[in-house]
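**Q** Read top to bottom, the protein sequences are chains A and B. Numbers 262 to 628, taken from our numbering, label the letters of the first sequence in order. Numbers 262 to 628, taken from our numbering, label the letters of the second sequence in order.
None of these hints come from the bench; they were simulated from the model. Fair warning: there could be bad hints in the mix.
Identical copies carry no separate label here, and so any pair may be met within one copy or between two of them.
To be verified - Straight-line alpha carbon distances no greater than 25 Å define the calculated DSS-like cross-link-like pairs of lysine-lysine that follow:
#  : residue 1 : residue 2
1  : 435       : 606
2  : 408       : 316
3  : 619       : 606
4  : 620       : 435
5  : 263       : 435
6  : 408       : 435
7  : 263       : 384
8  : 316       : 435
9  : 263       : 606
10 : 316       : 384
11 : 408       : 620
12 : 606       : 491
13 : 606       : 408
14 : 408       : 440
15 : 619       : 408
16 : 263       : 440
17 : 263       : 408
18 : 606       : 384
Number of protein chains: 2
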Amino acid sequence: MKITGLTVHAFEPRPNAHQETTEYMSAATRQNGVAVISTDEGIEGVVSTLAGTAKQLANLWAEARGHIEGADPLDRGGIENVLRRRYSWPSRVLGVLDYGLWDIAGKAFDLPVYRLLGATREKVLAYGSTVHHATDERFIEIALEAKARGFTAVKLHPYGAADDDIRMCYAVRKAVGDKMNLMLDTLAYPGPYSRHDAFRVGRVLDELGFWWFEDPLPKTDLDGLAALTKACQRVQVRMADRVEDIREYAEMVRRRCMDIMAGPASFGITDLMKLSAMAEVNHMNMEPHDFGGGIASLHVLLAVANADYYELAVPQGCFDTALYPGVYLDPMDIDSDGFVHAPTKPGLGFGIDLTEAKKITEQTVVV
Amino acid sequence: MKITGLTVHAFEPRPNAHQETTEYMSAATRQNGVAVISTDEGIEGVVSTLAGTAKQLANLWAEARGHIEGADPLDRGGIENVLRRRYSWPSRVLGVLDYGLWDIAGKAFDLPVYRLLGATREKVLAYGSTVHHATDERFIEIALEAKARGFTAVKLHPYGAADDDIRMCYAVRKAVGDKMNLMLDTLAYPGPYSRHDAFRVGRVLDELGFWWFEDPLPKTDLDGLAALTKACQRVQVRMADRVEDIREYAEMVRRRCMDIMAGPASFGITDLMKLSAMAEVNHMNMEPHDFGGGIASLHVLLAVANADYYELAVPQGCFDTALYPGVYLDPMDIDSDGFVHAPTKPGLGFGIDLTEAKKITEQTVVV
């Protein structure tokens, strides 16, 4: 089998009706896209991703075409090493290619990807991941709605001001009760918190029994992170979504800068499996990110034992596949106990109706 | 597909004609065996290993039968996690099962295992790995013979006495010239060298430009290993073949106890891939072991970029498959440039003539 080309469809941007304006808001609109890697045997690797990442893949592909087209899509190691080393592809773009190559492998062998990876389980808990809301009341409303749907855990993306965040955490904990796991994600690179703020918030999260404290300080502050990890007694420090290369973890792990390793969003399945191995050897969990970003990290979660949660945006329709009705054939959801279940289709198992997709496509790039 | 059972054949022990008696000798005889994992679809996982390890697998299998038989052989994660956690299987026995499950996966998908792992390359250099010889002259003879066959590197298993080892290293370096890579493996757990000896030998290996210094101190001496790794300027410290669990590497890597991570012999492909990932994140190579032990580590080497050498016993017939003529259908060898090439058969690609094997089988265990 040989790779023959790439087609990228960038969908129309869609406003996110659930996103109020706050200082540390997530983007008010989202533009999804799809990358389709073709082969001479008719099998296609189909990857749902952000339109910008898909277009970046198209640009980089054109420059490195001779090292991709004609190669066997199963030879991920050989292809990706050249693109990383000789062409300096960013890990998040290489990740989209990697998802596509795994999708092709799964389809070639007629198996979901997690089973090619050596399945460990058939379902995993999900946590509901909020956007940056404007009021405590709205956070409470979203958390209670998630709880009612069956979520056993909710991650809050707060205001980004320590006093306000502390007040909101108290309010949400009081509203949802003690049994729900809560996480706080400050998106701290470049980061809203000073060291002093991070320690103050950490003490409150300890008191409230939060499950993890995500990106509490910039990834460059190794001393601060190591001290915070040691200081937090109940809440676990989770780092770092904002690395550019898995090797940034070498020094962070050596210096004990976290309790839980993160698997950065849009890093490939190959990279995530490496980080999971690194975490396992170091007696930690590796929890991947997947904020409305499809299904790739779910395969990693189902293949390994040292991870607890899949990330799913709440409320439904917020940044996720519901923004483009009819396009995504296999929208993710939880069962009444809060679990997402293994995909059953071959490959990534994330079908896209390309006829519907073309109707809302703003730009198509054939490389 | 479901796993249905295990059959183990322990071959007759064979004397190793190449092994002279020395204080730190390897075993004077070798007893190989084969483990055959059967499935309900007729595909068999066939693993060449030491007879003792195969019989240990049979014993442990019987106790944990309910967690293995009936399981899908592709679900390596689920099967192996239970056996490791609930039944405390040693990594070297779990490794044999893991090889068998990968062999089944490769045969099911009609591909050599390294291609399921995402191939990086099609060949890799081998080093010739000696036994413990009794005289400098014999070491020189074996090294020159290896050089003539095309080996670009030779690993010496020395006497285990620092003064004698130093003398022998000088003599071998002088005989083979400066272009051949040389390694010294002291098998130091529990270990022949004191700290003082290890530093003395390390200084000589630096002077002689050896490639690596393997297991120079016991794995438990983290301070000594970190100091030695820092002290050695040219020769690279390689640790540790004698770990029982990949998680022993956490503290060794954190404390910088090596330049090169080892992949312990008979650890599974799954474990070796995890160690390779750990090494990659930490900017190191992971070099697996495979002393006459079949072909499993070759698949890992072909799947990754951060490793240089496959281990192959010298002279031919020494501990390797040539001890049982006619049994092994795909004996490993190097080309004239010193490379071993990728297996082409599906699975591990290491065929055994079971009719021939039964003729020299001492004991068969059907679990």
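**Q** Determine for every hint whether it applies to the structure shown.
**A** Outcome of the hint check:
Neither within a single protomer nor between protomers do residue 435 and residue 606 lie at most 25 Å apart by alpha-carbon distance, with minima of 41 Å and 62 Å respectively. In this assembly of identical chains, the alpha carbons of residue 408 and residue 316 never lie at most 25 Å apart, being 37 Å within a copy and 52 Å across copies at closest. Taking the shortest alpha-carbon separations for residue 619 and residue 606, only the intra-copy value of 22 Å comes in at or below 25 Å, while the best inter-copy value is 43 Å. When the C-alpha separation of residue 620 and residue 435 is checked against a cutoff of 25 Å, the pair qualifies neither within a copy, at 46 Å, nor between copies, at 74 Å.
Taking the closest pair of Cα atoms, residue 263 and residue 435 never come within 25 Å of each other, the shortest separation being 57 Å inside a single copy and 49 Å across copies. With identical chains, the CA atoms of residue 408 and residue 435 are at most 25 Å apart within one copy only, with a shortest distance of 13 Å there and 74 Å across copies. Taking the closest pair of Cα atoms, residue 263 and residue 384 come within 25 Å of each other only across two copies (20 Å); inside a single copy the shortest separation is 33 Å, beyond that limit. Proximity of residue 316 and residue 435 under a CA criterion of 25 Å is satisfied in neither setting, with 44 Å inside one chain copy and 58 Å between copies.
Taking the shortest Cα distances, residue 263 and residue 606 sit within 25 Å of each other both inside one copy (22 Å) and across copies (20 Å). When the C-alpha separation of residue 316 and residue 384 is checked against a cutoff of 25 Å, the pair qualifies neither within a copy, at 33 Å, nor between copies, at 35 Å. With identical chains, the CA atoms of residue 408 and residue 620 are never at most 25 Å apart, being 35 Å at best within one copy and 66 Å at best between copies. Taking the shortest Cα distances, residue 606 and residue 491 never come within 25 Å of each other, neither inside one copy (43 Å) nor across copies (51 Å).
Taking the shortest Cα distances, residue 606 and residue 408 never come within 25 Å of each other, neither inside one copy (29 Å) nor across copies (52 Å). In this homomeric assembly, residue 408 and residue 440 come within 25 Å of each other (Cα to Cα) only inside a single copy, at 10 Å, whereas the closest approach across copies is 67 Å. For the identical chains of this complex, residue 619 and residue 408 are neighbours neither inside a copy (36 Å) nor across copies (62 Å), given an alpha-carbon limit of 25 Å. With identical chains, the CA atoms of residue 263 and residue 440 are never at most 25 Å apart, being 51 Å at best within one copy and 39 Å at best between copies.
In this homomeric assembly, residue 263 and residue 408 never come within 25 Å of each other (Cα to Cα): the closest approach is 47 Å inside a single copy and 39 Å across copies. In the homo-oligomer, the alpha carbons of residue 606 and residue 384 lie at most 25 Å apart inside one protomer (15 Å), although the nearest pairing across protomers, at 34 Å, exceeds that limit.
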